[in-house]
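Enquirer: What follows is the residue order along each chain.
Protein chains: 2
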Amino acid sequence: SLAGPRRRLLRPRPRRTALGAPSSCVLAIDADASATPRHQFKDTPLVARTGRRAGDGDTRRKILDAARSSFANHGYQGATIRVIAAEAQVDPALIHHYFGPKEDLFAASIEFPLSPANAVETIMADGIENAGRNLVRLFLSVWEIQPTRDALMAIVRAGVTTDQGAETLRQFFGEVLLSHVAPHLEGEDAELRVALVASHLIGMALLRYVVGFEQLAKASPDELVDLITPRIQDYLTG
Amino acid sequence: SLAGPRRRLLRPRPRRTALGAPSSCVLAIDADASATPRHQFKDTPLVARTGRRAGDGDTRRKILDAARSSFANHGYQGATIRVIAAEAQVDPALIHHYFGPKEDLFAASIEFPLSPANAVETIMADGIENAGRNLVRLFLSVWEIQPTRDALMAIVRAGVTTDQGAETLRQFFGEVLLSHVAPHLEGEDAELRVALVASHLIGMALLRYVVGFEQLAKASPDELVDLITPRIQDYLTG
Numbered sequence: 006s007l008a009g010p011r012r013r014l015l016r017p018r019p020r021r022t023a024l025g026a027p028s029s030c031v032l033a034i035d036a037d038a039s040a041t042p043r044h045q046f047k048d049t050p051l052v053a054r055t056g057r058r059a060g061d062g063d064t065r066r067k068i069l070d071a072a073r074s075s076f077a078n079h080g081y082q083g084a085t086i087r088v089i090a091a092e093a094q095v096d097p098a099l100i101h102h103y104f105g106p107k108e109d110l111f112a113a114s115i116e117f118p119l120s121p122a123n124a125v126e127t128i129m130a131d132g133i134e135n136a137g138r139n140l141v142r143l144f145l146s147v148w149e150i151q152p153t154r155d156a157l158m159a160i161v162r163a164g165v166t167t168d169q170g171a172e173t174l175r176q177f178f179g180e181v182l183l184s185h186v187a188p189h190l191e192g193e194d195a196e197l198r199v200a201l202v203a204s205h206l207i208g209m210a211l212l213r214y215v216v217g218f219e220q221l222a223k224a225s226p227d228e229l230v231d232l233i234t235p236r237i238q239d240y241l242t243g
Numbered sequence: 006s007l008a009g010p011r012r013r014l015l016r017p018r019p020r021r022t023a024l025g026a027p028s029s030c031v032l033a034i035d036a037d038a039s040a041t042p043r044h045q046f047k048d049t050p051l052v053a054r055t056g057r058r059a060g061d062g063d064t065r066r067k068i069l070d071a072a073r074s075s076f077a078n079h080g081y082q083g084a085t086i087r088v089i090a091a092e093a094q095v096d097p098a099l100i101h102h103y104f105g106p107k108e109d110l111f112a113a114s115i116e117f118p119l120s121p122a123n124a125v126e127t128i129m130a131d132g133i134e135n136a137g138r139n140l141v142r143l144f145l146s147v148w149e150i151q152p153t154r155d156a157l158m159a160i161v162r163a164g165v166t167t168d169q170g171a172e173t174l175r176q177f178f179g180e181v182l183l184s185h186v187a188p189h190l191e192g193e194d195a196e197l198r199v200a201l202v203a204s205h206l207i208g209m210a211l212l213r214y215v216v217g218f219e220q221l222a223k224a225s226p227d228e229l230v231d232l233i234t235p236r237i238q239d240y241l242t243g
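The listed protein sequences derive, respectively, from chains A and B.
Numbering-wise (my numbering), the first sequence opens with residue 6 and increments by one.
Numbering-wise (my numbering), the second sequence opens with residue 6 and increments by one.
Do not rely on the hints blindly, as some may be mistaken.
No copy is singled out in the list; a pair is fine if it fits within one copy or between any two copies.
[Claimed, not checked] List of simulated lysine to any residue pairs, SDA-like, C-alpha gap at most 20 Å:
1. K107 / G80
2. K67 / A156
3. K67 / A171
Calculated directly from the structure, the hints in this document are not laboratory data.
With these hints in hand, go ahead and build the complete structure from the sequences.
Expert: Structure, rendered in structure tokens:
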């Protein structure tokens, strides 16, 4: 089908193991996924892996290369689909066919294995009162996959060291948090509380994966989930 | 007195305004402090400013320059006082005279306006049950002072982009958190909980000051203190 390649990349698939009905974790791992997480969660998590179809590779790659350089050079808002299509020398409609909306293309360009909309769906699957745990688990899952981690580190480094990198991060995460996450929260200061949640998780990733701060680096994902969840949930519940 | 210059730099002074007895905030600001915080807290905070004595400047500067380059080149542990003294061409005893122990010299070299020991004393002044608010306020105070913020940003950037910068950060904060902060905490996982507190505050500073993420950048320090404190206190109380 037309939407095939995009779905394969960005949509979580139903779990197909014999472990019973999908739990709070609605994401599955391909049995043939090449990436090995550094740690494993006690109960299976994680994120859908990229599936590629023979023949699609070149076009996808061309679009992704153009997207990466456009986001890097023009920021998230400046890198319109039209700009990216021109750089990749493809029709803008083809970008939408392969990747969906711009936020999903950006997610793919940083090798983030989920679209923002699907990530939020996963986090909210068990209601806001369980969103903290789902969020922390999903966040850690994504960072535990080596290629994704490398890409995210590059993003963090660019965001911290260059104005354009900071601008891109700011615009992308601003849009995602404000349009996808904040609307689910009740109470005052929803936007600020969501930003504080993001700051905690990003700071944790920074110290654990980038700086390699010992106490955080040696903890298991499950320990981290148990410790961080109550505080994140507290922000979400308000 | 011998300890004069060091005291002037690193020790908080008793408050000398007419506002009554020292409150939870044991730090005072020099009336002639050249740095203006971007925001002001409702009730007076902040940190002691550097006082310089005529004639001390050259030696202090020479030691600080040597310290900065030694920490950058050899990491926190590799840059011994002996290495730094050799580079500055001064007697090691003089370094101790001006700056006290190595952690205080490092603090001064990154323009951190407090020694780690004094920072912890300030945070714990009202007992562990109030340490959350004192910690968040102190952390924000320090970042709100422009020259300190610039220095801290440089440290964060180096920590994120270079192995040696990461190593220095790791060693210094590891020592400070483990020797000064964790011992005050009760309950399990004290070291990990302290590291998670640090991760939240560093992530917040990253998004507010370095990346300039709008929701965090536009919040006032007081709003941030009110929102962040309960979650930090929760980690500290265990």
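Enquirer: For K107 vs G80, is the C-alpha pair at or below 20 Å within one copy, between two copies, both, or neither?
Expert: Answer is within; shortest intra-copy Cα gap is 12 Å, inter-copy 42 Å.
Enquirer: Regarding K67 and A156, is the shortest C-alpha distance of 20 Å or less found within a copy, between copies, in both, or in neither?
Expert: within (18 Å within a copy, 41 Å between copies)
Enquirer: I want to check one pair: K67 and A171. Are their C-alpha atoms no more than 20 Å apart within a copy, between two copies, both, or neither?
Expert: Close neither inside one copy (25 Å) nor across copies (35 Å); limit 20 Å.
When held up to the earlier numbered hints, the structure conflicts with hint 3 and nothing else.
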